[in-house]
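Peer 1: The lines below spell out each chain.
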Amino acid sequence: MAEKNSDFEPNIVAFLCNWCSYAGADLAGTSRIQYPPNVRVIRVMCSGRVNPLFVMNALQQGADGVLISGCHPGDCHYMQGNYYARRRFMLMRNFLEYLGVEPERVRMSWVSASEGAKWKEVIEEVVNGVKSVGPMNKFQRRQLNW
Amino acid sequence: MVEVEKLREIAREVISRDDVRQLIGYRQGTYGFRARPAFITSPEEVDQLIFSPACVNNLATYLTLEEKLPVPRGQEPDLRKVAVMVKGCDSRALVQQMEEKAYERDRIVVLGIPCTGVVDMDKVEERFPNVLSRGEIALEGDKFILSFDGRREEVPKEELLADKCKRCRYPTPLVYDQLLDQEVARFADDDYSDIVELEKRSAEEKWAYWEEKFSRCIRCYSCRNVCPMCYCEDCVLDRLNPQWMRRSVDLSENTAYHIARAYHLAGRCIQCGECQRVCPVEIPLMELNRKFYKDVEELYDYEPGTDAEAPPLLATFKVDDREDFIL
Amino acid sequence: MAAKKLSKEKVQEALQELTKFRLIAPAKSDEVVIFKQITDPGEAFLDYGNSTVPPKKVVFPQTETLFRFQRGNPELREKNVEEEGTTVIFGLRPCDARAMSIVDRLFSWDFEDPYYLKRRELTTLVGLACNEPPSINCFCTSLGGSPFGKEGLDILLTDMGDHYLVQALTEKGEKLQDILSAHLEDAPAEEEKKAEEMAAQAEGKIARSINTEGIPEKLPTLWEHELWKKASAACLGCGICTFLCPTCHCFDIQDEVEEMGEGRRARMWDSCMFSEYTLHASGHNPRPTRRERTRNRISHKYSYYPKRFEVIACVGCGRCINLCPVNIDILEILEQVVDAS
Amino acid sequence: MKNPYIPYEVKILDARYETPGDRCIKTFKVTFADEKVWDTWSHLPGQCAMVGIPGVGESMFCISSSPTEKGYLRFSIMKMGKNTTALHELEAGDSFYVRGPLGNNFPLEEWKGKNIITIGGGIGQAPLRPVIQWIRDNREDYGELTVIYGARTSADHCFKDEFEELNSCGDACCHLAIDVEEEGWPHFVGFVPQLLMEVSPSPENAIAVTCGPPIMIKFVLQNLEKLGFTPDQVYTTLENRMKCGIGKCGRCNVGHLYVCKDGPVFSYAQIKDIPEAFA
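Protein chains in written order, with the numbering used here: chain A, 113 to 258; chain B, 83 to 409; chain C, 2 to 342; chain D, 96 to 374.
No lab work stands behind these hints, which were simulated from the structure alone. Each residue gets a CB set at the ideal place from its N, CA and C atoms; glycine is no exception. Mixed in with the good hints, there may be bad ones.
Computed footprint of chain C on chain D, listed as stretches where at least three residues anywhere in the stretch have a Cβ under 8 Å from a Cβ of chain C [claimed, not checked]:
no., stretch
1, 97-108
2, 204-213
Not everything, but these chain C residues come out facing chain B in the computed CB check (under 8 Å) [as the list claims (entries may be wrong)]:
no., residue
3, Q63
4, L67
5, F68
6, V327
7, N328
Listed next, the in silico DSS-like pairs over lysine-lysine satisfying Cα-Cα at most 30 Å (straight line) [stated by the list, open to error]:
no., chain 1, residue 1, chain 2, residue 2
8, B, K205, C, K206
9, C, K219, D, K367
10, C, K37, B, K205
11, B, K288, C, K29
12, C, K308, D, K313
13, C, K29, B, K282
14, D, K177, B, K150
15, C, K119, B, K248
16, C, K230, C, K9
17, D, K174, B, K150
18, D, K131, C, K230
19, C, K173, D, K367
20, C, K231, B, K183
21, C, K230, D, K313
22, A, K230, B, K400
23, B, K225, B, K239
24, D, K97, C, K119
25, C, K231, B, K150
26, D, K121, D, K174
27, D, K97, C, K308
28, D, K174, D, K255
29, C, K308, D, K367
30, C, K230, B, K150
31, C, K176, C, K119
32, D, K131, C, K119
33, C, K29, B, K205
34, B, K150, D, K367
35, D, K313, C, K219
In isolation and in its complexed conformation, chain A is listed as follows (with noise of 0.2 Å):
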């Protein structure tokens, strides 16, 4: 496995739904609530939005990590979006794995507009999780020099 070298910031890009995770994320900030600042966030509608090309292209360009997160089962604002979402990113997940990119690097979570303690906690575990694996370098776009 990678060596922990503990002075590695990962890049995580976090793709959250509008409705529930942004909410969720913006109730931990105006709480104050202290988290990991590794993650960048994309807003989009809904989990059922995100493309699964997305978290392919994210790893490529240099996110060590990525979080899709959507409303709970049954909160969805547009009824079935993180249902589907939950199968398009278990198959994703498994996948990638197959190929070697590690478990850790793809994370999916629940957080509804009320769980800002839960969101902190979140962001800690897929932050150490990508920590314990280290940087990406399996198929990202490398910075030609030519």
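Dock chains B, C and D against chain A, hints included.
Peer 2: Relative to the frame of chain A, chains B, C and D by itself:
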């Protein structure tokens, strides 16, 4: 095995119908043991039709591959049916295409061929290289009989059989208008042993394995173009705005291409094995598709191309789908 | 220049000597023979028919940077091919070398292509004659080539059993022969005559052929002929026959933006069998179906290219026949062209 | 020898919309950022250049200014795809990149002393504009100049101001047309091929040049034949997808001819027997 005369008789009957525009079958190749697709539009051309273990192509791909040209003003579009010959595995492509509403059932005439296994042409040509004159392959009992240049060679079936046939679950076509031979009972199953073995390796080993394959890829897209399930008019690969996959050929873009291609077949690939057969640099593409195939079967108890009425896998869900990986 | 002899035991040493250049040789990746840069001579695999991907990818890489740019900074940094250093392609087949000399004519016609021509200048080609035809579908002798062809090569190696006969053919070849002189001995005089006999024998073993007489003039007259529809009916529109053809040279140019507005303009192989190849921005496509594209592929090689460069852009290596997924056979099409009324 | 793939940077002096709508046409007047380039640059009417922005792409456009217009180049670009949309966002002061001059040119030397008829349709007027400008600046070398130009609506007319001036100064007689009747439109209403039959110029010692959508060119060529024009008296430009512009990348061929090298200007005699020219 299917008698050629009976096959040609049925084909002559079908192509003579005035509601059938074209019949897609197999004919002898231009050298050695090869066979290739045949496109029949008139009864006179029927005598070139054959079926033998050399007929490896999946003809279902041509139903969605034909370009639809704009109809000149004053002419009616030709809506007559297309007849297609399908083996067991090929027929599942028809079922899956119809499940996804690529076309209606009444647009095609299906001539089903119960199949007892086809050859892996690389193995045949490795075993009997440099055969130029037309050779025949037949199956008798559990032996392949190869006759060429006046010679007659017998080879145990196992040694030349294509890998996909060693795990074939549907030798008899699932959809047909006419069956050209008696049904063939299922003679194999898939225990995914090669997939499981690869899954057990460490992340580094797995990536080293795939890195070597993906670095060889030349992005000729034959695996996409041969696939009966790849029939989008505007493939994500060719989009420029946004450009998901760049056209440059390097490890990163090749990996992205193979992830996207395999993922688009999750719950759709019917294991006809064509992508791996056509790959000029021999990338084991079926090992990618069958990983999804295994997961989909275990997680969602779903097998593509078996039930035309079932909803497509990723267009549906169950409330109790597994979510143990979700925080 | 007197012919030399390289005994088979000394091949590893000779290759070791060449590793001070960028040495490209046929090597195995799983079961596939690929031309790639080797640093340890053990990787070289010379007992092969022909590679799947032709050595054209060494002098005309599948993806190549033209220049780099930085948003906000108008100066464009041109790619300097010189930095790749002198290259030796060891063990390529005569047809692939002849293909390079055919493609040279296009890249040096009118505007000179600096990248390709500079790389060709830096590259020395050490060919390996085909005692046996690499595949049943070889037809190099019909196109003026030969299993022992010298056109385009700097050095020709001929396998004489326990050693290779080394014949330097060009000034570059002689220079390389001097560099390797420590591993070479003088070849006995009659070896070269023996090689000629072997050449005649090898040419006799080529099984397939086509009489190209009159094809370039006849092709344009068959524009609406029925044979094109029939020949292309099974075609999948993939890129195998063009990417793996040593005389195919078409490319696409696209820009890639990396981080911080840095980026490059790169060119990469393209295929006339793909539909986007001629797709206009307005959506119009002058070659809408695979019929037109197959007609264009054959016409370009056997009619348009000879009309401008007096040579048929095909060397008969047989790759497009061997590797076509649906067995579309260029020789069958050409025979139909010859017979067509 | 200069690397033919490296473009020059140009500064935009003036950017103006010629026509409105989603397929609008914008005309850019540009000059080279590095003055020295002007010393080595020389183009003739009909030649093109690859215009683009590094990071977006490049496409081939005709240089719609005549070499007699010193100090600037003009490009009229219709908004169509990724590259043209990015170009349309640029204003005066911005810069983009130009690579050229590419392709052949109208054989204006041979046309000396002849009557010239230009027949343009929509954006097809852009390659004809430098011809008109060249003839105006060497007026005594040429005979009568007849300009026939049509577009879908009056708003879709390019270079409107220049037509008024052309008519008034008597260098040429202009015949304008729009496809559909419009309130307040004084000139001809109908398609360009019909207008051509109306004007019916004499083929005596005359050259006809036509550019526009393929459907228009097809009928214009037929009508010109009816009027007695022989194929080598008729010239046109062809368009195809182009990437390198210097005859290497292989895709712009029309039969055995490369549109970017043997064209884009062709005489009808050259392409009469090449079916792909009208594909």
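Peer 1: Taking 30 Å as the top limit, are the C-alpha atoms of K131/D and K230/C close enough?
Peer 2: Given that 30 Å is the threshold and the Cα spacing comes to 54 Å, the pair is violated.
Peer 1: Does the alpha-carbon distance linking K119/C and K248/B stay inside the 30 Å limit?
Peer 2: violated (52 Å)
Peer 1: Starting from K219/C, check that the Cα of K367/D is at most 30 Å away, please.
Peer 2: It holds: about 18 Å lies between the C-alpha atoms, which stays within 30 Å.
Peer 1: Taken at face value, is the distance from the CA of K174/D to the CA of K121/D at most 30 Å?
Peer 2: Answer holds: K121/D to K174/D is near 8 Å, not above 30 Å.
Peer 1: Holds or violated: K231/C and K183/B, Cα atoms, limit 30 Å.
Peer 2: holds (29 Å)
Peer 1: Straight-line Cα separation of K29/C and K282/B no greater than 30 Å?
Peer 2: This hinted pair holds, its Cα atoms lying about 26 Å apart.
Peer 1: Within 30 Å, alpha carbon to alpha carbon, are K308/C and K367/D?
Peer 2: Given that 30 Å is the threshold and the Cα spacing comes to 18 Å, the pair holds.
Peer 1: Take a quick look at whether K174/D and K255/D sit within 30 Å of each other, Cα to Cα.
Peer 2: Holds - the C-alpha atoms of K255/D and K174/D are around 19 Å apart, at most 30 Å.
Peer 1: For the stretch 204-213 of chain D, do at least 3 residues have a Cβ located nearer than 8 Å to some Cβ of chain C?
Peer 2: That given contact is violated, which follows from only 0 residues of the stretch 204-213 of chain D lying within Cβ reach (below 8 Å) of chain C.
Peer 1: Holds or violated: are the alpha carbons of K230/C and K150/B at most 30 Å from each other?
Peer 2: holds (14 Å)
Peer 1: Does K119/C lie within 30 Å of K176/C when you go C-alpha to C-alpha?
Peer 2: Holds: K176/C and K119/C sit about 18 Å apart, inside 30 Å.
Peer 1: Does K205/B sit within 30 Å of K29/C, going by the straight-line distance between their CA atoms?
Peer 2: holds (18 Å)
Violated hints, in rising order: 2, 4, 5, 15, 16, 18, 19; the structure is consistent with all others.
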